[in-house]
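Construct the entire structure; sequences and hints are all you get.
Single-letter residue listing:
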Amino acid sequence: MNTVTQLKPKSVSRMKTLISKNISVKPLNLQGEMGATVGSIHADNPRITCRNVNVFYGENHAIQDINLDIGTNEVISLIGPSGCGKSTFLRCLNRMNDTVESCRVNGEIKIDNVDVYSKHMDVVPLRAQVGMVFQKPNPFPKSIYDNIAYGPKIHGLASTKAELDQIVESSLRKAGLWDEVKDRLHQPGTGLSGGQQQRLCIARTLSVEPEVILMDEPCSALDPIATAKIEQLIDELRQRYTIAIVTHSMQQAARVSQRTAYFHLGKLIEVGKTSDVFTNPLHELTQDYITGRFG
Amino acid sequence: MNNRTDSLSTMEKVRKGIAKRRSAERRFRFYGLTGIVLGLVFVLILFISIIGKGYSAFQQTQIALDIEFLESVIDPDQTRDNKVISRADYNSLIRKSLSKAFPEVKGRRQIRDLNRMISTGAMFQLRDRVLEDPSVIGQSERIWLLASDDYDMLMKGHIDGTVPESERRLKDHQVAWVDQLLEQGRIKKRFNTFFFTSGDSRAPEMAGIRGALMGSMYTLFVTLVLSFPIGAATAVYLEEFAPTNKWTDLIEVNINNLAAVPSIVFGLLGLAMFINFFGLPRSAPLVGGLVLTLMTLPTIIIAGRAALKSVPPSIREAALGMGASKLQTVFHHVLPLALPGMLTGTIIGMAQALGETAPLLMIGMVAFIVDIPKGIFDSATVLPVQIYLWADSPERAFVERTSAAIMVLLAFLISMNAIAVFLRKRFERRW
Chain A
1 MNTVTQLKPK
11 SVSRMKTLIS
21 KNISVKPLNL
31 QGEMGATVGS
41 IHADNPRITC
51 RNVNVFYGEN
61 HAIQDINLDI
71 GTNEVISLIG
81 PSGCGKSTFL
91 RCLNRMNDTV
101 ESCRVNGEIK
111 IDNVDVYSKH
121 MDVVPLRAQV
131 GMVFQKPNPF
141 PKSIYDNIAY
151 GPKIHGLAST
161 KAELDQIVES
171 SLRKAGLWDE
181 VKDRLHQPGT
191 GLSGGQQQRL
201 CIARTLSVEP
211 EVILMDEPCS
221 ALDPIATAKI
231 EQLIDELRQR
241 YTIAIVTHSM
251 QQAARVSQRT
261 AYFHLGKLIE
271 VGKTSDVFTN
281 PLHELTQDYI
291 TGRFG
Chain B
296 MNNRTDSLST
306 MEKVRKGIAK
316 RRSAERRFRF
326 YGLTGIVLGL
336 VFVLILFISI
346 IGKGYSAFQQ
356 TQIALDIEFL
366 ESVIDPDQTR
376 DNKVISRADY
386 NSLIRKSLSK
396 AFPEVKGRRQ
406 IRDLNRMIST
416 GAMFQLRDRV
426 LEDPSVIGQS
436 ERIWLLASDD
446 YDMLMKGHID
456 GTVPESERRL
466 KDHQVAWVDQ
476 LLEQGRIKKR
486 FNTFFFTSGD
496 SRAPEMAGIR
506 GALMGSMYTL
516 FVTLVLSFPI
526 GAATAVYLEE
536 FAPTNKWTDL
546 IEVNINNLAA
556 VPSIVFGLLG
566 LAMFINFFGL
576 PRSAPLVGGL
586 VLTLMTLPTI
596 IIAGRAALKS
606 VPPSIREAAL
616 GMGASKLQTV
626 FHHVLPLALP
636 GMLTGTIIGM
646 AQALGETAPL
656 LMIGMVAFIV
666 DIPKGIFDSA
676 TVLPVQIYLW
686 ADSPERAFVE
696 RTSAAIMVLL
706 AFLISMNAIA
716 VFLRKRFERR
726 W
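Residue numbers (the working numbering), protein chains in the order written: chain A, 1 to 295; chain B, 296 to 726.
These are computed hints drawn from the structure, not numbers from a lab.
You may find that some hints are simply not true.
Said to hold, decoys possible - Okay, the calculated bits of chain A under chain B, using three or more residues with CB under 8 Å as the criterion:
no., segment
1, 92-103
2, 124-131
3, 150-161
4, 193-200
5, 230-238
As the list claims (entries may be wrong) - Keeping only pairs whose Cα atoms sit at most 20 Å apart, straight-line, the calculated SDA-like set for lysine to any residue is:
no., chain 1, residue 1, chain 2, residue 2
6, A, Lys142, B, Phe323
7, A, Lys136, A, Thr99
8, A, Lys110, A, Ile154
9, B, Lys720, A, Cys103
10, A, Lys142, B, Lys541
11, B, Lys541, A, Glu101
12, B, Lys391, B, Gln434
13, B, Lys621, A, Val124
14, A, Lys136, B, Pro608
15, A, Lys142, B, Gln434
16, A, Lys136, A, Met121
17, A, Lys153, B, Arg611
18, B, Lys720, B, Pro631
19, A, Lys153, B, Phe626
20, B, Lys621, A, Val116
21, A, Lys229, A, Arg173
22, B, Lys604, A, Met121
23, B, Lys621, A, Ala162
24, A, Lys153, B, Phe323
25, A, Lys142, B, Pro608
26, A, Lys136, B, Arg611
27, A, Lys136, B, Lys604
28, A, Lys153, B, Gln623
29, B, Lys621, A, Asn52
30, A, Lys142, B, Arg611
31, A, Lys136, B, Ile610
32, B, Lys621, A, His155
33, B, Lys621, A, Leu126
34, B, Lys621, A, Met121
35, A, Lys153, B, Lys621
36, B, Lys604, A, Pro141
37, B, Lys604, A, Val100
38, A, Lys142, B, Gln623
39, B, Lys720, B, Pro608
40, A, Lys142, B, Gly636
Backbone N, C-alpha and C define an ideal beta-carbon position, used for all residues, glycine too.
Written out as structure tokens, the structure is:
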């Protein structure tokens, strides 16, 4: 059994400050950095299950043996220092990693019990099922209307113009952008402000009615007001969708997610309820990260 | 305090350097400006020289003669058959008219000189007049006929009267005839429609640019129709679909090498492949277009790939993330964004193709072709080859025609580029 006295000196001082802040500190799991994930990887009612997921970029073993469940109608935030593999993991879930030529994925990822990496998997319906919002707002250089209408058009979701109009309006409403853009639907989407562009991208993702939404640092390029709007939006979307969000902002993770997963150097170190992870981290690395020691 | 003095000395150092930086910047600007001014001066000299030499080709000396359309000469049997009318001896009509106009000219030699005043092409003018309106047969009409090139040169001031008679193309008595015609107002320079409506000719006053212009148009049409789709498709495949391995590396290196291959080599290839092996017609714009396609393709492919590369990856990710297939991503998003860049590459390639001479010499487009080509299978020549041929001709009158042909080539080039720029602007505005 590990005890406090076995901690590294730096950690001890940090612990003292934590203790002085009246935060309860449990004995940390120090089975070395190669140890298995601490906390519960299981979710009630899981929609996505990942088992022994490994990703290689050429020779580089980018993520190692990840086991994680993502529950239905939950927001899970993936946190960790830069280069820890959280975006890579996120991009495995809708096979966006396929676009990187040197990338190899093994292990098992199942969404609704369908193996994502099976040979028979077609990525086109998969990506319609698992939508993605990127770090930098990337609207198509087309009108706002065409941005939203693109997905439904290619998937044949609307048979008439009126239906398409309906989808565009409801998607924009869901993303909370309708009132701001309803009078200029046919102006270019690139003319919107950064926050509006990001909500446009979210609306575009919603237009094909996905079941899972992956968000890769959706607010990193936005100001606090736009960020607040998007966080509120994520909270509303939770009712209907499963959301996985990568973020560098601990506060954001704490605000929007029910569960949090901490990644470090390609490994999933700790998973748990957000409240537990932030107030009561089990692993030393998690604690170091969320208290701002590195990252 | 220590910090403060340190920062002061830093500022002093910065200030000391500023004058040097400024002067370096001024020098650089000056060099740039000098380069631009020099370039413009040379362009100006080029234009002045070409236009100065060539503008006179747009005018042609013509002589008015009273022609009697004698039925006994044109259509003695009164058939009014076009074949008979076409074959009539119109030269004799011109000779008769000339001897009537200059009754004082006697002696075989003098009469021969007199007859040479009118171009050998004038008979076709008369023939066309009769064919157009057979009712002139039996009538008399004053008609403006082409003067031969020496008289044209005299009218345009290219024959110096101060040079001794023995060294002149036109002797004193011939100059006197021109003076006589001038007094009667029967010789003057008129707009040269022949230059734009006829093909090549050995006689300078009959030579026109239309044959070469049409030849260039057909050739470039074939080139464009083949090279743009093939080039764009190749660029898209190599950039978006092909795996990166040593084969695609090899292909890429070879495409870059092809862009640097001397164009005459493509001409040899065209001769061996298209003419000798496939048996396509020699001198035809079709073969010219095929050869120029081979030459233009590397340029278009390289420019196309660069344009595709410059499309931000975020657009691809956005489309793929929406569930678009690879093909949809490329055709709906990437290609439209890359199209202006691809068009720029195509313009450069087509401009190169328009000015290309060497490979076309190899496939026989250098032949002397009088007829205006009516399609891509007819024998033809192209503008730069025509310029080359005329520049090589000894007659003084071809000097101005060479310059005029260069002007036509430049006008063609400018209008082609203008269309391309217009198209590019249109594609850009759609976004």
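Lys142 (chain A) paired with Lys541 (chain B) [C-alpha distance capped at 20 Å]: violated, 37 Å
Pairwise hint evaluation, Phe626 (chain B) against Lys153 (chain A), where the allowed Cα distance is 20 Å at most: Roughly 14 Å separates the two Cα atoms, so the pair holds.
Distance restraint between Lys621 (chain B) and Val116 (chain A), which requires alpha-carbon spacing of 20 Å or less: Measuring from Cα to Cα gives roughly 18 Å; hence the hint holds.
Straight-line alpha-carbon gap Lys153 (chain A) to Gln623 (chain B), limit 20 Å: holds, 11 Å
Restraint status (C-alpha distance of Lys136 (chain A) to Pro608 (chain B) at most 20 Å): holds, 11 Å
Straight-line alpha-carbon gap Lys720 (chain B) to Pro631 (chain B), limit 20 Å: holds, 12 Å
Lys136 (chain A) paired with Ile610 (chain B) [C-alpha distance capped at 20 Å]: holds, 11 Å
Pairwise hint evaluation, Gly636 (chain B) against Lys142 (chain A), where the allowed Cα distance is 20 Å at most: holds, 18 Å
Straight-line alpha-carbon gap Lys720 (chain B) to Cys103 (chain A), limit 20 Å: Roughly 39 Å separates the two Cα atoms, so the pair is violated.
Distance restraint between Lys604 (chain B) and Val100 (chain A), which requires alpha-carbon spacing of 20 Å or less: holds, 15 Å
Given hint Val124 (chain A) paired with Lys621 (chain B) - CA-CA distance at most 20 Å: holds, 9 Å
Restraint check for Lys142 (chain A) with Gln434 (chain B), where alpha carbons must lie at most 20 Å apart: Not OK: Lys142 (chain A) and Gln434 (chain B) at ~72 Å, beyond 20 Å, violated.
Of the numbered hints stated above, those contradicted by the structure are hints 4, 5, 6, 8, 9, 10, 15, 16, 22, 23, 24, 29 and 39, listed in ascending order.
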